[in-house]
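Peer 1: Sequence:
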Amino acid sequence: MKHNYKFIILVVITLLIAGFMVFAPGVEKHNNIAIAGSTSVQPVAEKLAEQYMQIDSSDKLTVQGGGSSMGLNSVKKSSAQIGTYSSKLASKKAGANVKQTKIATDGIAIIVNPNNKVSDLTKDQVKDIFTGKITDWSQVGGTPGKINVITREDGSGTRDAVTKVVLDDEDFVKNAVVQSSTGSLMQSVSSDPNSIGYASLSDLRENQIKKLKINGVEATDSNIKNGSYVVQRPFLFLTNSTPDNQTQTFINWVLSDEGQKIVSEEGLVPVN
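In case it helps, our numbering puts the sequence shown at residues 22 to 293.
FYI, nobody ran anything at the bench for these hints, they're computed from the structure.
Computed from a predicted structure; not experimentally measured.
You may find that some hints are simply not true.
[To be verified] The calculated lysine-lysine pairs, modelled on BS3-like cross-linking and capped at a C-alpha distance of 27 Å, are:
#1 114 with 195
#2 282 with 232
#3 68 with 98
#4 232 with 123
#5 109 with 234
#6 123 with 246
#7 68 with 81
#8 109 with 144
#9 167 with 154
[Stated by the list, open to error] Each pair of labels, with its calculated beta carbon distance range:
#10 237 with 153: 22 to 32 Å
#11 247 with 214: 31 to 41 Å
#12 118 with 140: 40 to 50 Å
#13 75 with 121: 22 to 32 Å
#14 143 with 100: 38 to 48 Å
#15 249 with 156: 26 to 36 Å
#16 114 with 53: 19 to 29 Å
Virtual Cβ for every residue (Gly too), placed ideally from N, Cα, C.
Throw the hints in and build the complete structure from the sequences for me.
Peer 2: See the structure below:
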């Protein structure tokens, strides 16, 4: 009988402790929202997550890069609530269970060394340079010199967007130098007077490089918005087809005026 009393007392104490942990002041339960994928989307995603956690302290958001391919795979494998993707995504590639939400539009600048006298190329000229059909700057009105193409790695959303929008799904020239980040690509262009590459407008460090006009049109927010600057791509949030309430509430906030103001402050074109 004594053993039964001891057991009952132990159960009561355990329940009291558990109840205290649940209801005690200062003990918060966090809803974790993991965001992973495109390194181009990462900076704006970090700003959005930081601001949102100040509004709703019950949600803990983490953001990491890894590339657009990782963003899609993270959602498919349920290792992240939100995958980030920085180019158009075909429904067939995404799969039936992946929902796409556009949060911003980004312009991609075609960039050269500041000392390059070329300031304007047609889209077709850029394509011919990136695919190796044009190999010398003198062929496009520049100072004679072999053109050095700098590109991003496979899996980069920026590379994928340029391949689709500019190259019409053709391949980059085989001797293109591959860089694994926007920063290293811009560094290569800034140190090589004969180089050409590309970068998200929101990432540009214009004191180090020069952005070119394409078809006579400058890469500006207004020209991206009206469609006259053609080298542009969507920034996407990917989720499963029925995201949980916390994730959907965050995405709704991102699309609100408050969220889109942050998008604009980060050098991107809002969706509304």
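Peer 1: Are the hints correct? Go through all of them and say.
Peer 2: Right, here's what the structure says about each hint:
| no. | hint | result |
| --- | --- | --- |
| 1 | 114 with 195 | holds (26 Å) |
| 2 | 282 with 232 | holds (25 Å) |
| 3 | 68 with 98 | holds (25 Å) |
| 4 | 232 with 123 | holds (26 Å) |
| 5 | 109 with 234 | holds (23 Å) |
| 6 | 123 with 246 | holds (14 Å) |
| 7 | 68 with 81 | holds (14 Å) |
| 8 | 109 with 144 | holds (19 Å) |
| 9 | 167 with 154 | holds (12 Å) |
| 10 | 237 with 153: 22 to 32 Å | holds (24 Å) |
| 11 | 247 with 214: 31 to 41 Å | holds (33 Å) |
| 12 | 118 with 140: 40 to 50 Å | holds (46 Å) |
| 13 | 75 with 121: 22 to 32 Å | holds (27 Å) |
| 14 | 143 with 100: 38 to 48 Å | holds (42 Å) |
| 15 | 249 with 156: 26 to 36 Å | holds (29 Å) |
| 16 | 114 with 53: 19 to 29 Å | holds (27 Å) |
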